[in-house]
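Trainee: Chains G and S supply the protein sequences, listed in that same order.
First residue of the first sequence? That's 2 in the numbering used here, and the numbers climb one at a time after it.
First residue of the second sequence? That's 2 in the numbering used here, and the numbers climb one at a time after it.
Quick caveat, the hints were computed from the structure, so don't treat them as lab data.
Given the structure is predicted, the values throughout are model-derived calculations rather than measurements.
Among these hints, one or two may not hold up.
Said to hold, decoys possible - Below, computed lysine-lysine pairings styled on DSSO-like, alpha-carbon distance capped at 27 Å:
#  : chain 1 : residue 1 : chain 2 : residue 2
1  : S       : Lys20     : G       : Lys114
2  : G       : Lys27     : S       : Lys20
3  : G       : Lys145    : S       : Lys20
4  : S       : Lys171    : S       : Lys220
5  : G       : Lys114    : S       : Lys27
6  : S       : Lys171    : G       : Lys26
7  : S       : Lys27     : G       : Lys27
8  : S       : Lys7      : S       : Lys27
9  : S       : Lys212    : S       : Lys227
10 : S       : Lys26     : G       : Lys20
11 : S       : Lys26     : G       : Lys27
12 : G       : Lys114    : S       : Lys26
13 : G       : Lys237    : S       : Lys227
14 : G       : Lys26     : G       : Lys114
To be verified - Stretch-level coverage of chain S by chain G, calculated; a stretch enters the list once three of its residues show a Cβ under 8 Å from a Cβ in chain G:
#  : stretch
15 : 19–33
16 : 202–216
Stated by the list, open to error - What the simulated footprint calls covered on chain G by chain S, stretch by stretch (three residues with Cβ under 8 Å from a Cβ of chain S suffice, anywhere in the stretch; the number is not a length):
#  : stretch
17 : 84–94
18 : 182–191
Glycine residues also receive a C-beta, built at the ideal position from the N, C-alpha and C atoms.
Protein chains: 2
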Amino acid sequence: MVTVSKDHPRYNSLILRDKLVDGCKKGITNFHGLIAHGRGEAFDYLIGESSTTNALAATEVASAYMLTAQRPILSVNGNVAALVPAELVELSEMIGAPLEINLYHRSRQRIEKIEQHLRDFGARRILTGRDYVRLPEIASERAKVDERGILLSDVVFVPLEDGDRSEALKKSGKTVLAVDLNPLSRTALAASVTVVDELTRTMGNVIEFTKRMQNAEDKEVLEVLKSKFDNVQNLKTSYSIILSRLQNLSESDGPLNIT
Amino acid sequence: MVTVSKDHPRYNSLILRDKLVDGCKKGITNFHGLIAHGRGEAFDYLIGESSTTNALAATEVASAYMLTAQRPILSVNGNVAALVPAELVELSEMIGAPLEINLYHRSRQRIEKIEQHLRDFGARRILTGRDYVRLPEIASERAKVDERGILLSDVVFVPLEDGDRSEALKKSGKTVLAVDLNPLSRTALAASVTVVDELTRTMGNVIEFTKRMQNAEDKEVLEVLKSKFDNVQNLKTSYSIILSRLQNLSESDGPLNIT
């Protein structure tokens with residue numbers, strides 16, 4: 002473990018890496034999760050490593066969907082469990098949604114470790130796909146969803162999800178709320194609402210928005226938020242943000258490096 | 002191990018990930034290498050996950066440099082060894098260049114494992130920095146180069162190299178041929194020729210170009226290729242490719258189609 006000063010320009014980024022490497026050592030995260038995280042890091046750098054106004058708007062809409070859902074559910078994989086366990090539990094309690102463990106690289110052992118990890122953070126309602134059914138349209142292990150969980154849900158919050166699953170969830174008629182730093186990914190394109198932002202920042206924002214909107218007098222505002230949102234426009238704005246940042250970077254003088 | 006269908010839209014990308022994860026399990030690649038690979042993936046997305054005309058032109062020039070070098074050498078790190086061992090051996094034999102193992106996170110054990118791995122793929126000339134000297138200008142372990150290898154070389158092929166080393170190699174007067182998906186990296190800026198492309202695609206192209214040019218009647222053409230090349234222009238074109246791709250996406254009408 003390397004001690005990192007809070008003044009380090011990439012402090013937050015290094016802390017996240019440590020959490021994931023730690024997750025790897027515990028058997029919660031797997032190697033593929035590290036690669037996926039690296040990809041996200043590069044996009045985060047291009048976005049500017051902060052929540053854009055555009056991302057905040059999408060996050061607000063995602064919160065509105067979760068608050069108005071009949072049966073919301075929060076999907077958890079190895080990276081998500083390593084990065085935001087406490088936030089997941091808080092959101093789960095706030096909106097009355099169970100956590101469903103869904104792994105790209107599925108194994109009984111990893112599911113059990115993640116389940117215990119979430120329980121350590123106070124999770125009470127966890128589904129593990131012990132009684133699972135398969136979503137049509139995907140052939141792999143990723144087709145599995147819990148028959149008491151995602152199968153019955155109307156709104157699924159899927160942070161850091163893979164493209165196959167996101168597309169299958171969308172095709173099965175669910176509202177898919179994704180968190181993905183890559184606005185070009187298949188998940189980003191398939192989702193109903195794509196929050197193009199880093200997960201720990203997003204979870205903080207989701208919890209804040211949900212708390213505020215939960216107490217709002219006029220529930221009508223949630224429906225307006227949902228109906229006004231256009232995910233294609235949201236993604237196009239994300240491309241523009243990266244575009245203008247790259248334009249600035251390529252025109253700047255000093256040495257450039259993604260560390 | 003997940004079986005991936007060849008029809009999967011991200012088949013190639015997933016195969017590369019498997020190779021690196023496999024490298025990690027064998028002790029060839031390390032955690033940081035996985036995260037670095039993920040960062041490369043992000044740029045490959047932006048480029049379009051194929052070799053651009055611009056990248057092919059740079060690859061051709063890199064091949065010309067290797068074919069006309071007095072003492073060419075191929076630098077190998079953990080990711081490179083995991084991704085393209087067979088291609089490295091083929092190129093090494095074709096141009097009579099040894100392989101030199103140079104690790105960012107250097108350890109005797111990893112060097113030995115990579116050496117054995119390369120031998121398994123038929124490598125005959127491997128340098129491991131057992132007799133090393135230090136390049137000036139870097140303080141860390143990365144300063145080490147083999148005194149029979151990189152130290153004496155005139156042309157160094159350094160795929161996926163870090164910025165410090167690339168800069169030090171360039172300052173020591175060598176022709177540095179880099180492969181880096183991030184056209185903004187310090188390696189990309191420091192190199193004599195930067196191939197902005199994914200490594201497995203690049204190695205296939207390098208081998209094809211080298212074979213073709215090796216048999217060319219007129220060796221003069223290689224000198225023309227070298228003298229006409231402008232790496233600053235090459236990098237600017239790489240920025241433009243990403244920028245125009247993002248611009249098209251951000252301005253497109255109707256649903257987005259990335260591929």
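Trainee: Assess, step by step, whether the Cα of Lys145 (chain G) is no farther than 27 Å from the Cα of Lys20 (chain S), and give holds or violated.
Mentor: Given pair Lys145 (chain G), Lys20 (chain S) holds - Cα atoms ~26 Å apart, limit 27 Å.
Trainee: Lys7 (chain S) and Lys27 (chain S): Cα distance at most 27 Å?
Mentor: This hinted pair holds, its Cα atoms lying about 25 Å apart.
Trainee: Given the hinted pair Lys20 (chain S) and Lys114 (chain G), is their alpha-carbon gap at most 27 Å?
Mentor: OK: Lys20 (chain S) and Lys114 (chain G) at ~26 Å, within 27 Å.
Trainee: Can you confirm whether the C-alpha distance between Lys26 (chain S) and Lys27 (chain G) stays at or below 27 Å?
Mentor: 16 Å, holds
Trainee: Lys27 (chain S) and Lys27 (chain G) were given as a pair; does the straight-line alpha-carbon distance stay at or below 27 Å?
Mentor: With a Cα-Cα distance of about 19 Å, the restraint between Lys27 (chain S) and Lys27 (chain G) holds, given a limit of 27 Å.
Trainee: Please verify whether Lys171 (chain S) and Lys26 (chain G) have alpha carbons no more than 27 Å apart.
Mentor: 38 Å, violated
Trainee: Cut-off 8 Å, C-beta pairs, minimum 3 residues; does the coverage of the stretch 19–33 of chain S by chain G stand?
Mentor: holds (count 5)
Trainee: Taken at face value, is the distance from the CA of Lys227 (chain S) to the CA of Lys212 (chain S) at most 27 Å?
Mentor: 17 Å, holds
Trainee: Can the restraint linking Lys26 (chain G) and Lys114 (chain G) be considered satisfied, given a maximum Cα separation of 27 Å?
Mentor: 12 Å, holds
Trainee: Quickly compare the C-alpha distance for Lys114 (chain G) and Lys26 (chain S) to 27 Å and report which way the hint goes.
Mentor: It holds: about 20 Å lies between the C-alpha atoms, which stays within 27 Å.
Trainee: Verify the proposed pairing of Lys237 (chain G) with Lys227 (chain S), using a straight-line Cα cut of 27 Å.
Mentor: With Cα atoms ~40 Å apart, Lys237 (chain G) and Lys227 (chain S) exceed 27 Å; violated.
Trainee: Taking a Cβ-Cβ distance under 8 Å as contact, does the stretch 202–216 of chain S have three or more residues in contact with chain G?
Mentor: violated (count 0)
The earlier numbered hints that this structure contradicts are 6, 13, 16 and 17.
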